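J.: Next come the chains, spelled out residue by residue.
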Amino acid sequence: MPAITVRVNGLEVTKEVGARTLLSTFIREEMKLTGTHVGCDTSQCGACVVTINGKTVKSCATFAWEADGADIGTIEGLGDAENMHPMQEAFREHHGLQCGFCTPGMVMTAVNLVENNPDIDEDGIKHGLEGNICRCTGYQNIIDAVKTGAKAMRG
Amino acid sequence: MSTFVARNGIGESQRRVEDFRFLTGKGQYIDDVNLENQAYAMVLRSPEAHADIKSIDASEALALDGVLLVVTGEDWKAAGYGTIPTKSGVRKFKDGSDLKEPPHHAIAIDRVRYVGQPVALVVAESLDACRDALELIEVDYDSLPSVTHQSEAIKDGAPQIWDDIPNNICLDFELGDEEAQKKAFEDADQIITLELVNNRVTATPIEPRGAVADYDAETGKFTLWNASQNIHANRDTIADAVLKIGKENLHHIAPDVGGGFGGKNGVYQEPILILHAAREIKRPVKWINDRAESFLSDTHGRDQVSTVQLALDNDGTFRGLRTETVGNLGAFCGTVGPFTPTGGSSRTQGGPFRFDAIYYTAIAPFTNTCPLDPYRGAGRPEGSYQMDRIIDYAAAKLGMDPIELRRKNLIPESDLPMKSPMGLDIDCGNFPAVFEKTIEISDRAGFAKRKEASEAKGLKRGFGVCMYLECTGGGPKEEAKVVFRDDGKVELSVGTASTGMGHETVFAQLLAGHLGIDMDDIEFHQSDTDATDIGGGHGGSRGLEVGGSAVTQTSREIIEVGKKIAAHRFDVGADQVEFEEGRFHVPGTNHTMTISDAIDSQNDPDSLPDDLEPGCMNISTVFERGIISIPNGGHACEVEVDPDTGTIKVDGYWVVDDFGTIVNKMLADGQVMGGIAQGLGQALMENIVYDESGQLVTGSLMDYALPRADDMPRMVIDYYEDAPTQKNLLGVKGAGEAGCVGAPPAIVNAVCDALKEFGVHHIDMPLTPERVWRAIQDAKAEG
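Chains as they are written, first to last, in our numbering: chain A, 181 to 335; chain B, 309 to 1091.
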């Protein structure tokens, strides 16, 4: 098996991966970072979104070896319960999550949207979240959370 | 951190406790449960809608490196396991004979009856080995004729799904007075008839189903971690009825569950199969469905074809209502499947409107499709759709105003309490006030101007409204147990099942508010057969109504015991002690004792009166609801339709709900908005489609459309709070399902309003651009 070297949430690791190991499997089972979720097998739902070199990708539709040499960001790298990222805070404040399963992917996408466009408006947020499905909230509270999170990120 | 809650916990939008876990990737869902030395399982599913299994050859699969076990129907027969029973609340035909319940085994025995039915279970060292093994199992099928549509299934000569069930009919049903209905129809000036399809949909929680099974050969006990919403009842079925191991030998636990909406309520085959496998190989076994399998094997919902008839006078007065429904059951009886199109869809017929008489009748046939079981609302969305669509259709046909027609026929407050023609106990509410408030907040006054603006863009704008009547359901009993631990933490265990609804927060909010303790000290437990003796789990919007009442009841008993402890300390009668905001005190004296003092004293025999034992404040009670509550409300919706393309934009949405007391508005809003999104999905895009040979056409999220962020309008949610019910301790009326009860008719009514100038007065859901465009073209062609 070939080995890959990646930085996950800033920590460099080298591990052997199988030819058909998905990045989501690598993150969940090799790195034991189970905040990245798998909700579909057609890269539709977005529960598995992580960042590779600052760009969002659906890790269930990416082979682990494709990430060789890359910086990978997951929900665990964003903030913990005592010190949440402003976007995580905003999701809690606005009740932007219910079951929580889509949430890590949703938050990763939201942070990336704002990083790329700090002044993003409601239409931009709605469009930007098209690749992330939430079955619980009806999205309104998510959109409001992203607006608040964006404001906090702008400082 | 400290969080104290006032007013007995009622009325505060406490932010959620569970969010810290979910937002930081620390939630523990079923796929995060891993046991040492676990094996993996995958299911070989039937590619045939209806076929005899001539033979299964698993020898090549078993020879593959890493494959540990293959389970087939032959193994199941040899083991002598029982079938999965239905617990449908309606069990008799109209003529008094028993419902037809075919044997539902966890794995196909001799014949398959729907695409996706489990045919074999493969257990291996890895998922890759499972996948390879699935390819190597050879099943020889002998295809049989199949039928997927319920209206075809009941015809003479239709393919027989079960040899001994004529016309594939599992059950028929009636409710109401047919003679009175016929009389009302004779007396009425007009009878309007509409044929409706309530489309087949599926819950589609984003977390697929899964389970991990463990078996302890020394004790003979099983443990099952299961993404399920109904831990206690399903434990009983799996352990007692199917595996026959005794329910005391199955510890059933749900970890965090990633959404359910009813789709994770029932007893499924795969968890049973892996329990068997775990005992066979004496190792833990893990199984997780993928999304394609979810579409094939998660129970589906709705799927009713109905004829609705409304009899009314020329002045618009409603006289009678008749609904005839054929509701698809799939190939087997779901856990409560046969109840949905029969009893479940009958009770709210007629909505919050006055009628002389109502009659409801249903036929529930089997088809060669995945079984149906409750999906959010289970029968009430169907009833609401029938009622509010026939009103708008009648208004269009008779040249009346659908808003005025509703206003004229709403049950006035002075009629309450009343028994509805369907037997519902409507104790309180104010339907006209709810309706007027809905119209008021939806800015009807500004509609004309917005319509003009749409017209200028070549778009058609429409307004639709729905006045829904709901009823709650699910298990009537619930347990709430409180244990005060020595480390200062308070364990609260409730037998309900939250899959995102926020019980961890709202039940802690109630307990903290009642007792005056710090909410942050409360540890919440649910969905564990060891945590509570009984548990009604999820279903029928029962959480707050029954679980919240149980928490309240247990809190009150804790306070009563605390009063005795305080009375003992102050040497007064317990009836002289009062409790307020976390303190016991004797009025007219300076005697006070905090609840923490009382809790600290509960283990010290010297601090207790003779009739109390140490640990006396650790209390569990069971609350039992007498009669279900009646949530109700108004939905209003504005849409913009492009007549050239048939695309619909839902442009505004307003709701006024009567859920009685609102305990946590933020969570109630969340339930309503999520329900509206599911109702919008059903109205505009979601549709489970089988082709004529019984193959599932909509087998992925690329074929089955779910609403996304840019499909949703901004929703305004308001409440009518002046009618708390006396049916439970909190005055609440269940909130969980109402959103998807009201949304489909409101949206379809709005689209039909937009298209009325073309003569389009009805389109069956989902209102895809193609269907809308065709409806316009057809209407134009008819002139």
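FYI, nobody ran anything at the bench for these hints, they're computed from the structure. Quick caveat, the model's predicted, so the values are computed rather than measured. Here a beta-carbon is modelled for each residue, glycine too, at the ideal position from N, C-alpha and C. Treat the hints with care, since some could be wrong.
To be verified - One-sided and incomplete, this derived list gives chain A residues near chain B with beta-carbon spacing under 10 Å:
no. : residue
1   : Gln224
2   : Cys225
3   : Thr242
4   : Asp251
5   : His265
6   : Thr283
7   : Lys306
8   : Ile323
9   : Thr328
Stated by the list, open to error - A short list of chain B residues far from chain A (calculated; beta carbon distances all over 12 Å):
no. : residue
10  : Ser321
11  : Ser434
12  : Leu452
13  : Ala764
14  : His1070
J.: Now look at each hint and say whether the structure bears it out.
T.: Hints versus structure:
1. Gln224: holds, 4 Å
2. Cys225: With Cβ-Cβ at 6 Å, under 10 Å, it holds.
3. Thr242: violated, 17 Å
4. Asp251: violated, 18 Å
5. His265: Holds - the Cβ of His265 of chain A comes within 10 Å of chain B, reaching about 9 Å at its closest.
6. Thr283: Since chain B brings a Cβ to about 5 Å from Thr283 of chain A, closer than 10 Å, the hint holds.
7. Lys306: Since the shortest Cβ distance to chain B is 4 Å, the answer is holds.
8. Ile323: holds, 6 Å
9. Thr328: Since chain B brings no Cβ nearer than about 13 Å to Thr328 of chain A, farther than 10 Å, the hint is violated.
10. Ser321: It is violated; Ser321 of chain B is separated from chain A by about 8 Å at its closest Cβ, not greater than 12 Å.
11. Ser434: violated, 10 Å
12. Leu452: holds, 30 Å
13. Ala764: holds, 21 Å
14. His1070: His1070 of chain B clear of chain A: closest Cβ-Cβ about 26 Å, beyond 12 Å.
Going through the hint list in order, the structure does not satisfy hints 3, 4, 9, 10 and 11.
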